[in-house]
Structures are given as C-alpha cells and as structure tokens.
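Asker: Take a look at the letters that make up each chain.
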Amino acid sequence: MEPENLGVLDCGAANRLISDYMDGELDAEQTRLLERHMAECGACREEHRRLSAMIRALGEIPDVPIPEEFTLRMKKALANERKAGTLRSRRRFWRGAGTIAAVFAIGILSVLVYNNMDSNSTYNSEDSSLTGQSGNSAVRLEESMVGDAGAQAEAAGDTNESADAQTDAAGDTTGSMDTEAGMDAQTGAPMNTDGGEAGSVAKNLAELPPEARSEESAAAQPEDSIVRYAGAQADAGMASGVLNAPEGGTGGFLPESAAAQPKDSTAAYTDEPPSVTGLLAAERGEILGTAQGEDAAQRESVPRYPDPARGSTPGVNRAEQKAKDLKNLYDKLTKEKLEGFTYEILSQEMQEDGSYLCDVFLVSDRFGNTFNANVQIVGEDEAIRVLYATEFMGL
Amino acid sequence: MDKTELELIEEAKNGVESSFEALILSCQKKAWNIALQYLRNENDAMDALQESFIKIYKNLGNFKGESRFDTWVYRITVNTCKDMLRQNEKFKLHDSLYATGDDGEFLREIPGDAPTPEEILDRAELADELLCCVEMLQPGHKDVIILRDIQNLSYEEISETLGASLGTVKSRISRARGNLRKLWLEQKHRESV
Numbered sequence: 001m002e003p004e005n006l007g008v009l010d011c012g013a014a015n016r017l018i019s020d021y022m023d024g025e026l027d028a029e030q031t032r033l034l035e036r037h038m039a040e041c042g043a044c045r046e047e048h049r050r051l052s053a054m055i056r057a058l059g060e061i062p063d064v065p066i067p068e069e070f071t072l073r074m075k076k077a078l079a080n081e082r083k084a085g086t087l088r089s090r091r092r093f094w095r096g097a098g099t100i101a102a103v104f105a106i107g108i109l110s111v112l113v114y115n116n117m118d119s120n121s122t123y124n125s126e127d128s129s130l131t132g133q134s135g136n137s138a139v140r141l142e143e144s145m146v147g148d149a150g151a152q153a154e155a156a157g158d159t160n161e162s163a164d165a166q167t168d169a170a171g172d173t174t175g176s177m178d179t180e181a182g183m184d185a186q187t188g189a190p191m192n193t194d195g196g197e198a199g200s201v202a203k204n205l206a207e208l209p210p211e212a213r214s215e216e217s218a219a220a221q222p223e224d225s226i227v228r229y230a231g232a233q234a235d236a237g238m239a240s241g242v243l244n245a246p247e248g249g250t251g252g253f254l255p256e257s258a259a260a261q262p263k264d265s266t267a268a269y270t271d272e273p274p275s276v277t278g279l280l281a282a283e284r285g286e287i288l289g290t291a292q293g294e295d296a297a298q299r300e301s302v303p304r305y306p307d308p309a310r311g312s313t314p315g316v317n318r319a320e321q322k323a324k325d326l327k328n329l330y331d332k333l334t335k336e337k338l339e340g341f342t343y344e345i346l347s348q349e350m351q352e353d354g355s356y357l358c359d360v361f362l363v364s365d366r367f368g369n370t371f372n373a374n375v376q377i378v379g380e381d382e383a384i385r386v387l388y389a390t391e392f393m394g395l
Numbered sequence: 396m397d398k399t400e401l402e403l404i405e406e407a408k409n410g411v412e413s414s415f416e417a418l419i420l421s422c423q424k425k426a427w428n429i430a431l432q433y434l435r436n437e438n439d440a441m442d443a444l445q446e447s448f449i450k451i452y453k454n455l456g457n458f459k460g461e462s463r464f465d466t467w468v469y470r471i472t473v474n475t476c477k478d479m480l481r482q483n484e485k486f487k488l489h490d491s492l493y494a495t496g497d498d499g500e501f502l503r504e505i506p507g508d509a510p511t512p513e514e515i516l517d518r519a520e521l522a523d524e525l526l527c528c529v530e531m532l533q534p535g536h537k538d539v540i541i542l543r544d545i546q547n548l549s550y551e552e553i554s555e556t557l558g559a560s561l562g563t564v565k566s567r568i569s570r571a572r573g574n575l576r577k578l579w580l581e582q583k584h585r586e587s588v
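Just so you know, the protein sequences line up as chains X and G, in that order. Residue numbering for the first sequence follows this note's numbering, starting at 1 and increasing by one per position. Residue numbering for the second sequence follows this note's numbering, starting at 396 and increasing by one per position.
Chain G on its own, in the form it takes in the complex:
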C-alpha cells in the first residue's frame, strides 16, 4: 500500500470527507461494475453499491491495512451483492446491460476496435449470452469468472477479495472456466436446434 493511500485512509478515519471520497473514487467504477454483473440491474446495483460504501465508511476504523484498500472495497461489495441475491429471490436477471436505443444505436459505448455495427451487435449479444451463462454457475465459480475474466483482477487481488488462498483461486478459476464453457456450448446447441 503506498503512502498516499495510507495517508488518505488515516485522514478518512479522522473524518476528512474529501479523503474518503478520494479513496472511494479510485475503486468505485470497478466496484460498480462488479455489482452490476452480480445483480444485472442498474437500480439494484446502485442500492448494493450505496450500502457497501456506507459499510465501508462506518467500518473504516476496522480496516487494518493487511490487504489493499480496493480489494477490501471489492470484498464488501461482493458480499453485499450476495446478501441481496440471497435475501431477495426476485433478483433474477435480466435487463440487458447492452441495450440499443430506438434507432438501433447502442446505449453503452463499447470500446475497442469494432469497425462495423454488426461486430458491435455481435459483441453485445455475446456479452449477454455469456453473462446469462455466468449467472448459472455455482457461487464460487461465478465469483472468479466475474473478478478474473470480466474485471481482470490479478490472482492476488482475487485472493484478497474472496479471502481464499492463491491455490484455491487458481483451481477454482480452472474449473469455473471449464464449467462455463460447457454451459455456453449447451446454450448455443439449444439455440441452434
């Protein structure tokens, strides 16, 4: 943890509002997208993120610096999302996160080098397909797919976020990918029939 982050944390613990906001700003985008991929709904994700940030605010004194601050934030976010999913069965998917407007343009800017609208559409459809399959994974596998393959966290960051050993993370990723591929193939097969 670099000194700047440490200083911000100490200031935030002492009630400096701007320091807390600066801390959160550095990781809120990823936390938001993690929540979105768990809950697949913007309003629900906002509720989860707000609840997570309030928990973080209230428990700053409990953060001992044994892990990175952002992985601590992601951990709380993941657990809050899982809480909401468990407590409310109505959190079934899904609104497409990659909807198109009335004239066909995409409401989400898709980065990268997608030169044609067809390719953009393909990517959006593929994203939705995959996220549907991710949703069907068992909880532990869903965690690592979201954190590793979608959010691109490192193995160490995932280990800190989930509170699992590196070995557990590696084996879980391997099995999760295998299961996801099977689910995806099954879904494509069903669509083709």
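Okay, chain X solo, but in the shape it has when bound:
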C-alpha cells in the first residue's frame, strides 16, 4: 500500500488502510495518521470495530482434527505408490541392463554379418540363404517376443493402468527383457520374418542416427521425477517425455529420439515406461506394416525395416497409417503447445470419433508460476485447443 500524504487522512484513505492496520503492516507514520483519524471519525471507528469483529470471528473458527481413518488410508495409498514405483524401477533396470548387453551384442553381430556379406561375391543369393536361416530363427525369436511386446504395448497403451496390470506386464516380460531389449536396441536385429532383411542389418544400422544407437547412454542418464519439455533440453538429447516417479532416482529419461519421433504415443506416457516396441518404432522411423504370410494382428505391434532390396514397402494399411499420422500430428502440436511448462501427460489417445484427447497435469511454467492443475487438450480438424486452462496459464 502506497504511503498516504503526511497530514490528514480522509475517510476513503482511512478505509483503505484499516485492513493493513489490523495486520500490523503499516509503518509508524501511517499508523499515527490512521489512529488520529479514527479518534476523530466515528464512522471509520465503527468500520474498524466491525471489521475487527469479523476477522476475530474468522480466526476463532476451530480446527477440525484429522479423522483416524485418514491415516490408515494414507498409509495404504503410499504403500501402493511405492509398490508401483518399485515395479517401474525394476522394469527400467532390466531395460537398462538389456540395453547395455544389446550394445555389445549388436557390435558382434554387425561384425559377423558384415564379414559374412563381404566375403560373398553374390550378395543376393547369400543374403537369401542367410535370411533363410536367420529368418527362421528370427521367426521363433520374434514369435516369443511378439507376445511379450504385445503385452508391453498393451500395458503401456493405457496410462491409467492399475499397478496389478503393471505387475502382470512386468512379470510377463521380465524374463525375456534381456533378449527383447537387446534385440530392440540393436535396431538392426531381425525383428521380422519377411526374409531378406537380416542381410541388410548392418546397412540399416549404419543408416541410423547416432543417438538412436546409443541407447545405453540415455538409460544411464540421471533420473528425475518430472522433466521439462524445452527446446534446449530436447536439443541436448535429454528426455522430452515426462516421467513420474515416487522417489528421486527411480524415474527415467526416454531417449530423445524415442520421444521426439512422433510415431508411437507410448514414448510420451508418463507413469508407464515406454513399450519396447514403442522405442523400437520410434528409433527406426517408419512402421511399415505386415509381412506376407504372417498373422496381421500379431505383426501390427512389431515394426519392420524397409528393405532396400525390395524397394517400396508392401502391405501398408493406408487408413491405419493415416490415423497414426494424425495422432502424431496432435502429439507434436501438444508438445509444442506445452513447451516451457513442466507437466505430466496423464493420457493421450485418439477417440473413436477420430478426435484426439490428451489429459495433462500442469505443474508450472517457465516463470515459476505453479498451477498443479489438470487441463485437457482436444484435437479436431488437425488443430488443437486447450480446455480448463485459466488465464494465468497462458494457454
């Protein structure tokens, strides 16, 4: 409150000072002026008396003790959170460990394949024989992985999944995580049964951007509970997703390439670690569709490499691809909209009517304004709008 002119206060000025006066927030001069005015002005004196009575009555509103049942409720809720957090930690640990193992394996495999390719004059025939064998083993490996990948994709597909479902998914995939993660992280491993592609593993690997190959460095990043989406951070290759962890040290970063590639929404989920196939899809780029002679439903969740030897990709479901492209667009627009904010994506999915719905828990903005509030982002006609945002959010 601006200091009043020295001298005499009028009633308007006095009334503006009374509230601060009652809280002891006036300086000595203001206090003197106000008290002198109230000594001479019955109306202002009465105003002060009534306001004081009201504030005193408010202050006398008694505190209510916390119900006993709340303590038990809280203990149970925290125990559930810890359990969910332990599961998330365990899955991240296995993924990280598998990734490191995969990096070594891919190096060995690449050398073997490259040497094998290099030593043969007729590339195509060798390639066929190679893939004939590796393709078979790839089929067996992939069939075991598809089930796990499907379970993971399903678990990661719902960010509101219960801890029990997480447990099931973790239990199903833990045993095979090493192999699965290893194969995924290779990004050149025979994840398909098309045939003719194992021979191009090394070539595809060489085509990948460096950051996609160094997954172990992303897995080894220090963990944090919430990560800001920011241009600078994204450029530095840090996670561009938001993860929620019960304790510091149990969160994790998504690899930049995984989260930035708008090919699979699982990479942007918060409470769930991204599915292996999601990461794989993001790092590889295009999801090409089903191979011939395979179960289309099984193939759906397993991305494929483009086969340079074959040229164009066969069997692409155009409608499905269009829907995926649309979702990727909305995900991208959402990310741009929320740049500079600290937030948590609660859910992010396409609706049956073709619209897009994203629930976001908004923590704060770049200026330090804290909101801790939920907003919704709706996507229609290739544009997004924000619901439930207050004017202070600037959305």
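None of these hints come from the bench; they were simulated from the model. Accuracy of the hints is not assured; some may be wrong.
To be verified - A few chain X residues that face chain G, going by a derived Cβ cut-off under 7 Å, partial list only: (1) M54; (2) I55; (3) L58; (4) I61; (5) D63; (6) F70; (7) N80; (8) E81; (9) N372.
For every residue, glycine included, the Cβ atom is placed at its ideal position computed from N, Cα and C.
We have chain X; now place chain G onto it with these hints.
Answerer: Using the frame of chain X, we list chain G on its own:
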C-alpha cells in the same frame, strides 16, 4: 528452511518412508483444515488431501527448496481443492462442520474461553455463517480469507502458497475483507427481514 527439514526432504527423496511421514506430519493438520474449508465436506476433503499427498510424494524430486516445504504442501492442497471444485459441480456446500449431537453437545471441540453453551452455540453459528459468505467470494479473495484470517498464515507464507507477490497478497486481503463484510451484512439483513 532449517537443516532438519532439509535432511528429512533428502531422506524422503531417497525413499525413507519415515522421513516423508515426518515431513507430512508437521503440516498435515493445517492442510487438512484448508481442504475442509474449501470443500466443506469431510469425505471430499480426505479425497483431496490424499490426492495432494500422493502428488507431493511423487514430486518430491521436483521440490527445489526455493520455498518452505509446508507452503509447497499448502499450494498443492489449495490447487487440488480448486481442481475438485472445478471438475465437480456437485461440490456445493454444505454440511455444517460444527454440528451438534442428538443431546445438543458439540461434536467439535471449540477451543478458547467460551464459558457458556450459548456462547459456544453462537460461535458455531457464526462460523457457519461466515464460511457460507466466504464461499460466495470470488476465488482469489476466498483464498486469502481462508489462508490469512482462518488459518492465520503470514503474508509471506500466503505469498509462497499462492505464488503471488506480497503486494498482491496485501491488496487482495484488503479487498477480500471488504467484500466479505458486505456479504455478511447483506446476509444478516436478509435474516432479519
């Protein structure tokens, strides 16, 4: 922030359950009463408080110590309550928080020097009247009345809780009290007619 609180926070971040509980214990009573005064219903307030504490638990790593821990807790609690009020229109008041039992005794212990039952009753009725009027204030004014005049937080604590400057807090308190007094006078006038 004193060293003990810092140590507790670091331990809680590292998953020490007892440290988190100790942190929460120091401010849960006030957070509970803040939630109660926003939502005016015990079950709803418990839901809000549980949700708030889970958010605090999950976001401990995000607490940088730039404000006090308890004001950070109150901030999350206030925002959670506002979220619930916004999302669910059915959060209209009100059960009286100061109900009496079948034989007239008060279910809430009212502290202070109220020597007669009549005075206790008067205070309880007055509390309910005022809280009804507080409910009618615009959101920003309701915040400061609850935090300042009911919960007795300092101007600095309110500034941290609401993320507003001290000047904004002061002027808002002044206007909120003026508006509340008008509402209260109007209500008393309606009752007397």
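Asker: Determine for every hint whether it applies to the structure shown.
Answerer: Against the structure, the hints come out as follows:
| no. | hint | verdict |
| --- | --- | --- |
| 1 | M54 | 6 Å, holds |
| 2 | I55 | 5 Å, holds |
| 3 | L58 | 4 Å, holds |
| 4 | I61 | 5 Å, holds |
| 5 | D63 | 5 Å, holds |
| 6 | F70 | 5 Å, holds |
| 7 | N80 | 9 Å, violated |
| 8 | E81 | 6 Å, holds |
| 9 | N372 | 4 Å, holds |
In terms of the numbered hints stated before, the structure departs from hint 7 and from no other.
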